[in-house]
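2 protein chains.
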Amino acid sequence: MNTDNPIPELSGGLRRSLAGIAGDGGLLTDPADCWPYGYDNSRRHALPQAVMFATDESQVVALVALCRDAGIPLTARGRGTGTTGATVPDRGGIVLSFERMDSILRILPNDRLAIVQPGVLNAQLQQAVGDLGFFWPPDPTSAATCTIGGNLAYNSAGPRAVKYGTARESTLGLRVVTGRGESLRTGVMTTKGVVGYDLTRLVIGSEGTLALITEATLKLTPLPETKRTLRATYGDIHSAAAAVSAIMAQPIIPCALEFMDGSAIEMVRHYAEFDLPDGAGAVLMIELDGSAACIEESVSAIGEVARNPGLLELRRAESKEEIAALWKTRKALSPTLRHIAPKKINEDVVVPVSRMGEFIEGLERLSRTTGIRIVNFGHAGNGNIHVNLLIDPDDPDEVARAAECLDAVFALVLSLDGTLSGEHGVGIEKRDFVGQELDPAALALMTEIKRCFDPAGILNVGKGFPQG
Amino acid sequence: MNTDNPIPELSGGLRRSLAGIAGDGGLLTDPADCWPYGYDNSRRHALPQAVMFATDESQVVALVALCRDAGIPLTARGRGTGTTGATVPDRGGIVLSFERMDSILRILPNDRLAIVQPGVLNAQLQQAVGDLGFFWPPDPTSAATCTIGGNLAYNSAGPRAVKYGTARESTLGLRVVTGRGESLRTGVMTTKGVVGYDLTRLVIGSEGTLALITEATLKLTPLPETKRTLRATYGDIHSAAAAVSAIMAQPIIPCALEFMDGSAIEMVRHYAEFDLPDGAGAVLMIELDGSAACIEESVSAIGEVARNPGLLELRRAESKEEIAALWKTRKALSPTLRHIAPKKINEDVVVPVSRMGEFIEGLERLSRTTGIRIVNFGHAGNGNIHVNLLIDPDDPDEVARAAECLDAVFALVLSLDGTLSGEHGVGIEKRDFVGQELDPAALALMTEIKRCFDPAGILNVGKGFPQG
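Read top to bottom, the protein sequences are chains A and B.
Residue numbering for the first sequence follows full-length UniProt numbering, starting at 1 and increasing by one per position.
Residue numbering for the second sequence follows full-length UniProt numbering, starting at 1 and increasing by one per position.
The hints are simulated quantities; they were obtained by calculation from the structure and are not laboratory data.
Only a predicted model underlies this, so the values are computations on that prediction, with no experimental measurement involved.
Accuracy of the hints is not assured; some may be wrong.
No copy is singled out in the list; a pair is fine if it fits within one copy or between any two copies.
Unchecked claim - In silico BS3-like cross-links for lysine-lysine, where the CA-CA straight-line distance does not exceed 30 Å:
{"#": "1", "residue 1": "K328", "residue 2": "K163"}
{"#": "2", "residue 1": "K163", "residue 2": "K219"}
{"#": "3", "residue 1": "K163", "residue 2": "K227"}
{"#": "4", "residue 1": "K328", "residue 2": "K227"}
{"#": "5", "residue 1": "K343", "residue 2": "K227"}
Throw the hints in and build the complete structure from the sequences for me.
Here's what the structure looks like:
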């Protein structure tokens with residue numbers, strides 16, 4: 001982190017060029033003004049030399065050309081809700097904020113698509129298309145404040161991904177500006193298209209290292225008529241994991257299939273209102289959507305497959321109040337976690353659903369051997385588990401043990417055919433672990449692809465994977 | 001096409017090296033033996049200098065290294081069912097047939113995935129996973145004979161894509177050998193993963209120009225309990241197109257939504273058993289799948305939205321015989337087409353569903369002005385239309401007018417925000433039209449990406465887009 005090193009000021013000439021591109025009120029250079037554009041939700045911070053707000057693509061093209069010619073690092077930013085430091089300008093330079101490119105350009109209900117600028121908030125889009133009977137599947141927890149551009153840069157997901165996929169499955173095409181300063185379209189306006197290489201999905205999830213997204217054509221999904229919520233409590237994680245596999249192997253896929261493990265339940269027991277049966281070792285929250293005429297049949301079918309010898313209780317909710325009551329234990333988890341361990345390490349790994357029981361057991365073992373308390377919850381239907389290490393960051397011994405523990409967690413994930421990140425991305429946080437998952441030949445190819453898009457090496461250099 | 005030019009023989013040294021890699025019975029060099037590996041379903045042919053059959057990845061690595069060092073063109077091939085010439089070795093060199101790498105390595109029902117070699121037939125996979133209650137969504141017409149490797153190379157689809165997506169949405173990861181001769185894994189074994197760039201989808205649809213797929217981890221979908229078939233006949237294409245938009249804007253998505261236009265109906269009327277009502281100007285075949293308890297409700301809901309002032313008749317089928325009867329007119333189309341115009345030009349374009357009426361009207365206008373008979377059918381839910389120009393290839397005047405007409409068809413597609421290929425790919429056939437759809441900057445990037453994967457320029461050079 002560069003916060004302790006004063007960043008050299010921009011030369012007068014560069015500053016004038018930037019101001020010319022940005023126009024009135026479009027440029028910040030005072031460090032106090034730039035400060036809030038130096039952090040994200042990773043607790044990292046680095047001060048940029050300037051912050052520019054673009055209002056149209058031509059400014060993005062001009063800014064990239066300027067940075068390319070002057071060799072200035074350029075970091076694109078939505079609303080800074082990422083958790084891995086991907087938008088923290090740790091090499092200084094310019095932050096390009098897309099918050100003013102926030103127009104929904106077109107919604108075409110008959111073609112099930114919306115064309116938006118990158119600064120549109122996820123919730124703003126959902127509201128606009130919801131009025132027409134649609135939604136856009138990615139639903140990160142930060143939906144109220146995060147931008148579509150950010151969702152695409154990270155390939156964001158959320159609970160609904162289990163049924164509806166991630167950003168990659170719900171985007172038809174993009175308009176981008178590469179690190180060369182060239183504007184180009186990727187993809188199509190249709191739900192099929194095989195002309196040329198798939199640059200759309202290459203840019204999605206690339207964390208602003210290849211190109212800056214200036215427009216996106218999003219595939220919309222029709223809103224289901226209705227929804228039901230079930231809560232299944234099991235005596236142990238193996239029974240819960242077996243239920244997840246059974247649910248995912250039949251044709252009625254829930255629109256959310258979330259879980260909490262025993263340590264998460266144990267923690268909430270002492271800090272919040274608690275209505276789980278005795279002996280609860282794992283909880284699944286199951287949401288089903290569909291037509292009003294069929295939802296009951298779906299509830300019965302899922303109830304059947306969720307039932308196994310380890311099931312302690314299966315409850316269902318219909319009214320808003322009942323749904324809120326069922327979610328209470330799950331919703332108590334995050335505040336309780338923040339209360340107990342304000343500086344917890346929140347990881348985001350994935351294992352095949354059939355290996356979840358094995359994984360949680362391994363974590364319990366690691367917790368015992370390292371003395372680090374570990375609490376797990378997440379998107380069970382995808383095997384996407386948020387592993388929380390509860391540590392006191394002021395205890396250097398605990399910090400050292402946590403680092404060891406984290407190494408072991410990642411090794412365990414990879415030994416189970418898993419991946420180191422399901423939806424939070426890599427950014428700075430996980431960059432040095434990526435080599436454990438990806439083949440050297442794959443990393444070398446990615447470095448070369450990065451060079452094709454950004455030969456001057458200005459776009460968010462050093463994020464996502466170890467680069468030169 | 002190189003068929004008229006004798007291809008230089010391989011040197012003795014190269015031939016020995018090839019034989020060493022291929023092992024007993026793994027190499028063909030006699031032109032008569034090589035001949036059938038020189039064509040696909042595009043009516044193009046070029047004789048390769050040799051055909052090698054790999055049985056494991058190490059042979060692929062060795063062959064690529066040999067071709068790379070000697071500068072020999074290398075064309076990978078499944079079963080040659082493609083329609084665009086992508087597997088025709090028009091620059092000579094070696095054809096690598098994957099037909100002997102045909103093992104289903106693992107099926108993991110609890111993780112909803114299958115790991116297969118590229119030479120597995122689509123139908124063989126469907127049979128194996130069907131026995132466990134799953135299917136793999138891509139269902140090209142050639143399913144009985146085409147390979148998974150080919151399906152991935154082309155990003156193949158078929159009728160089910162309207163509900164279940166294409167190969168890109170149903171593949172978790174690959175094992176590939178790049179043109180550098182390096183073997184690497186892409187993607188994950190899970191349904192989520194955001195570590196590194198998305199090389200999986202970059203390779204899918206790249207028509208063997210970037211890397212050779214030696215193994216694929218496929219995402220399976222649970223088989224629906226039951227299916228229903230509807231046939232909706234409309235007075236004109238606009239009413240049918242409006243029904244398609246209405247169907248696609250509500251939450252019950254059909255698992256097939258196929259159409260035939262008025263000229264297709266007109267053609268079948270005179271050559272096959274015919275049971276459409278008078279005045280039929282367009283037909284939709286609608287298939288719905290789901291649980292037995294809910295299928296009736298889906299049929300009613302779709303029946304409602306399919307109904308508009310242009311609807312002439314809505315019929316439904318349940319028994320196998322009734323289903324066969326409803327499909328009779330649609331199924332008569334291909335044989336009739338072959339009978340009338342054995343050398344028809346079969347195009348594969350896509351327009352947004354809301355523009356389909358406009359598109360078909362434009363085609364009717366083009367047919368009148370050019371005197372070329374045009375018959376259209378296809379996957380209406382995706383706006384994916386197979387445009388058939390019925391010509392006599394021995395009439396040079398008609399051939400010239402057809403070429404003009406085709407130019408105009410492509411221009412019309414692009415003016416309606418469509419794409420030049422939905423599922424057949426580009427290969428040789430459409431290579432020279434790609435520049436009309438893609439930005440020059442996008443094409444330049446693709447050329448550079450090609451160079452990253454294949455710096456020696458040996459893998460299927462010249463296919464997919466104009467290359468050096």
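Homo-oligomer pair classification [K163, K328; C-alpha up to 30 Å]: Answer is within: at 23 Å inside a copy they meet the 30 Å cutoff, but 35 Å across does not.
Alpha-carbon proximity between K328 and K227, which holds within one copy, between copies, both or neither at 30 Å: within (18 Å within a copy, 39 Å between copies)
Identical-chain pair category, K163 with K227, by Cα at 30 Å: both (13 Å within a copy, 21 Å between copies)
Status of K219 relative to K163 across identical chains (alpha carbons, at most 30 Å): both (15 Å within a copy, 13 Å between copies)
Within, between, both or neither, where K343 and K227 count as close if Cα-Cα is 30 Å or less: neither (35 Å within a copy, 52 Å between copies)
Going down the numbered hints, you'll see the structure goes against just number 5.
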